[in-house]
Amino acid sequence: MNVKYKKNMLQKVAGVAWLIVMMLNIGQLIILHNVPMPDRFTGLVLLNVILSFVIAVNYFRLPLIDYLRLDDKELSIHRGLVRRRKIIRMKEIERTKYQWDCLFLILRDGKEVKIRPKLITISDFERVEVKLEEVLKVN
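Position in the sequence shown counted from 1, then plus 132, gives you this note's numbering.
A few of these clues could be false.
Stated by the list, open to error - Subject to a maximum C-alpha distance of 30 Å in a straight line, what follows is the list of computed BS3-like cross-link-like pairs (lysine-lysine):
| # | residue 1 | residue 2 |
| --- | --- | --- |
| 1 | 223 | 269 |
| 2 | 205 | 136 |
| 3 | 138 | 263 |
| 4 | 243 | 144 |
| 5 | 263 | 243 |
| 6 | 205 | 246 |
| 7 | 229 | 218 |
| 8 | 246 | 218 |
| 9 | 218 | 269 |
| 10 | 218 | 136 |
These aren't lab readings, by the way, just hints derived from the structure by calculation.
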């Protein structure tokens, strides 16, 4: 079962804001093209343009990314643009607890993994809870 991020208007606004930052930096490069300045400054502004574009695209792609991937043997959680997915084997999960608007998976080694229900739809979260209950009954 794959659970995608919930569509949120704030993500689109953030993506547009980063595109505006990118356009402002491009404008800065164009305006300052004839002004003598160190090459490092031009490189930094160009790097800022590239990073702004990557962040904007990430915000627009967020509803297409699977937040949770859940099957009979493992659960994987998307943790962002830079960090890798957290992969948890189902037999490592000891129990769950719901606290501070988050679902915590308590693992057998004592670690806690957080699932944020605000990032997915209510129906998807209910499906995840049912699946986790089934797995915990088997274990």
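Item to complete: For the pair we were handed, residue 243 and residue 144, check the Cα-Cα distance against 30 Å.
Response: 34 Å, violated
Q. Is the straight-line distance between the alpha-carbon of residue 229 and that of residue 218 30 Å or less?
A. 18 Å, holds
TODO: Given the hint that residue 246 pairs with residue 218, test it: the Cα-Cα distance must not exceed 30 Å.
DONE: Distance ~10 Å between residue 246 and residue 218 Cα, so the pair holds.
Please verify whether residue 218 and residue 136 have alpha carbons no more than 30 Å apart. 15 Å, holds
**Study point:** Pairwise hint evaluation, residue 263 against residue 138, where the allowed Cα distance is 30 Å at most
**Key:** With a Cα-Cα distance of about 19 Å, the restraint between residue 138 and residue 263 holds, given a limit of 30 Å.
Against the 30 Å threshold, does the CA-CA distance of residue 218 and residue 269 hold or violate the hint? 23 Å, holds
**Item:** Given hint residue 243 paired with residue 263 - CA-CA distance at most 30 Å
**Value:** 21 Å, holds
- Satisfaction of hint between residue 246 and residue 205, Cα-Cα up to 30 Å: 19 Å, holds
Compare the distance between the alpha carbons of residue 223 and residue 269 with 30 Å, and conclude whether the hinted pair is satisfied.
-> 11 Å, holds
- prompt: Does the structure keep residue 205 and residue 136 at a Cα separation of 30 Å or less?
  reply: The given pair, whose Cα atoms are some 19 Å apart, holds under the 30 Å limit.
This entry does not satisfy hint 4, going by the numbered hints stated previously; all others are met.
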